[in-house]
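Asks: One letter stands for each residue in the lines below.
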Amino acid sequence: MPVDPNEELARFAVEKSYYRADNTIRPNAYMPDQEKAVSVFRQVGLSEGEIWELGATHVARPRNKQLLGRAVIIVREVLSQELNVESVEPPPRHANILGWPDEHEKQKEKALELAARATFVRR
Amino acid sequence: MTTALAIGNFRGLRASRGGTGVSAASEALDKLFVRVLEHLSIPAMQSEPLRGLLANLDEVYARCSQPGWDGYDAMPITEAAYEEALELITLFPTLCPPPDVSPDPSGHVSFEWYRSPRKVLVISVNGTRVLTFARLFGSRKMSGAEPYDRSLPQPIVDSLARLYSQ
Numbered sequence: 183m184p185v186d187p188n189e190e191l192a193r194f195a196v197e198k199s200y201y202r203a204d205n206t207i208r209p210n211a212y213m214p215d216q217e218k219a220v221s222v223f224r225q226v227g228l229s230e231g232e233i234w235e236l237g238a239t240h241v242a243r244p245r246n247k248q249l250l251g252r253a254v255i256i257v258r259e260v261l262s263q264e265l266n267v268e269s270v271e272p273p274p275r276h277a278n279i280l281g282w283p284d285e286h287e288k289q290k291e292k293a294l295e296l297a298a299r300a301t302f303v304r305r
Numbered sequence: 069m070t071t072a073l074a075i076g077n078f079r080g081l082r083a084s085r086g087g088t089g090v091s092a093a094s095e096a097l098d099k100l101f102v103r104v105l106e107h108l109s110i111p112a113m114q115s116e117p118l119r120g121l122l123a124n125l126d127e128v129y130a131r132c133s134q135p136g137w138d139g140y141d142a143m144p145i146t147e148a149a150y151e152e153a154l155e156l157i158t159l160f161p162t163l164c165p166p167p168d169v170s171p172d173p174s175g176h177v178s179f180e181w182y183r184s185p186r187k188v189l190v191i192s193v194n195g196t197r198v199l200t201f202a203r204l205f206g207s208r209k210m211s212g213a214e215p216y217d218r219s220l221p222q223p224i225v226d227s228l229a230r231l232y233s234q
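Chains as they are written, first to last, in my numbering: chain A, 183 to 305; chain B, 69 to 234.
Here chain B stands alone, though its shape is the one from the complex (with noise of 0.2 Å):
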């Protein structure tokens, strides 16, 4: 199995979470599903790479949560901002590497995945629950916002498996 085609895998495992079925044995189902979940994204949550990038998110929230963080006149990240990307986290999947985190002088907590200058795709958070997101792959770019919820918008994972996929 490729790294792109697990990447897609993990998504369509979280999407498919909370079926149309009504009956006991259809709610025991969904039940045992978000259990299995839960058990997945432990330890995730735990692995060394993820506790990095939570570091880093602290980080980046104590370092820049007052205005003028950057020497001009950005932004402060929101308590709101740092909850998102906290829960954001959570999301990603667990078989491309761990982002790098940044501020924006927008407020926006951004998440890198990055290759090259010419092969990166960041995504943002503000604590508006809209995820917006950019690439750069050679010389397309591609950009949209997207609201979310148990997932990761379709273009983001679309983005990573297309990123890591050479």
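In isolation and in its complexed conformation, chain A is listed as follows (with noise of 0.2 Å):
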């Protein structure tokens, strides 16, 4: 299924650091990993058990972690900072977001920027 604009993608957190206590995102939440991908799972059409459900079992329980919750940032935002998301199954739903520079320093610039755009749901 192709990736819509205007669809949510969803960052599960089992990491506390990956947001502030005023339920804040903080930026390490999209920095990329070593493939230059940040993991995230596209949330649209579910309900919120289902994507609590999703977070669970295939992110925290095969790392035997706790869902602390998740940040939520829509693909045009991801696009505006000349990032692209592509579907990348399985696990389903799963999609990366790619196009990072090479700089550590370029990278967390439009972390920065995502996460300032991003919303965090407490589980």
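Any given hint could be a false lead.
Claimed, not checked - List of simulated lysine to any residue pairs, SDA-like, C-alpha gap at most 20 Å:
1) B:K209 x B:R197
2) A:K218 x A:E259
3) B:K209 x A:K247
4) A:K218 x A:P283
5) A:K218 x B:C164
6) A:K198 x A:A298
7) A:K198 x B:G136
8) A:K218 x A:K247
9) A:K198 x B:P167
10) A:K247 x B:G206
11) A:K198 x B:A93
12) A:K198 x B:R131
13) A:K288 x B:P223
14) A:K198 x B:A130
15) A:K288 x B:G206
16) A:K288 x B:R197
17) A:K218 x B:Y140
18) A:K198 x B:E127
19) A:K288 x B:D226
20) B:K187 x B:R230
21) A:K198 x B:L122
22) B:K187 x B:G212
23) A:K198 x B:S207
24) B:K209 x A:E264
25) A:K247 x B:D226
26) A:K288 x B:S207
27) B:K187 x B:Y150
Because the hints were derived from the structure by calculation, they are not lab data.
Since each chain comes alone in its own frame, lean on the hints to assemble the complex.
Replies: Here is the structure:
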């Protein structure tokens, strides 16, 4: 299923430093890994319960971690930072945010902007 | 004196260490200066906020020193990154609030001075003696990478002064 610019992406948090006490997102939540990808899940059409189950099944339980919440951002906000979103399944509904620059500081600059545009949903 | 000016002065004091003089008097003065700096840094490192920061750094290192600590494919925080972060803390100006410490999926240790989602400065190290930084002030972004030694690079000092000047 192609990714729609208006759909929402969930970045599930099992790491407490990914969000602040005031329920805002820290930029490290959107920093890419060594493959230069940020792993997200497409939550369109799912109920709250189904979204949490998606995170628990594919992120928290495999690592034996507790699901703490999720950062939610609309695809078009990602695209506005000259990044792109690619559906990569399995697992179901999984996608990657790609197109990151090589330099750590440039990645952080984009991550700061994504974090400022995202909202945090505490579990 | 404003906080912004004081932050700038602190950096200036550290950066001026090690003059060009070669006389015995100059050498003695330099040694005295080093002792003054050491004396100044002791209470700072023993202060409650910085002890809290050190404890948080220890906790981050303990929690994130294995791959995949974020539930995805995060790289571990290495001992070299942890050690460099420890050293970096001693360079922070004591006149602005201590930052929050957090791990990056790239294995960097980051320090964040945060006032709001659009008023934030983050600096990061990973054990390579190169400090990377990024800031967001309103809609204006800036980032860079700087080697450093005995003081914070000027763009960091300037950013902190700006962050806490209003």
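Asks: Take the hints in turn and mark each one as holding or not.
Replies: Evaluation of the provided hints:
no., hint, verdict
1, B:K209 x B:R197, "violated, 23 Å"
2, A:K218 x A:E259, "holds, 18 Å"
3, B:K209 x A:K247, "violated, 34 Å"
4, A:K218 x A:P283, "holds, 8 Å"
5, A:K218 x B:C164, "violated, 34 Å"
6, A:K198 x A:A298, "holds, 17 Å"
7, A:K198 x B:G136, "holds, 14 Å"
8, A:K218 x A:K247, "violated, 23 Å"
9, A:K198 x B:P167, "holds, 16 Å"
10, A:K247 x B:G206, "violated, 35 Å"
11, A:K198 x B:A93, "violated, 53 Å"
12, A:K198 x B:R131, "holds, 10 Å"
13, A:K288 x B:P223, "holds, 15 Å"
14, A:K198 x B:A130, "holds, 14 Å"
15, A:K288 x B:G206, "holds, 17 Å"
16, A:K288 x B:R197, "holds, 18 Å"
17, A:K218 x B:Y140, "holds, 12 Å"
18, A:K198 x B:E127, "holds, 12 Å"
19, A:K288 x B:D226, "holds, 19 Å"
20, B:K187 x B:R230, "holds, 10 Å"
21, A:K198 x B:L122, "holds, 17 Å"
22, B:K187 x B:G212, "holds, 17 Å"
23, A:K198 x B:S207, "violated, 27 Å"
24, B:K209 x A:E264, "holds, 14 Å"
25, A:K247 x B:D226, "violated, 39 Å"
26, A:K288 x B:S207, "holds, 15 Å"
27, B:K187 x B:Y150, "violated, 26 Å"
Of the numbered hints listed earlier, those contradicted by the structure are 1, 3, 5, 8, 10, 11, 23, 25 and 27.
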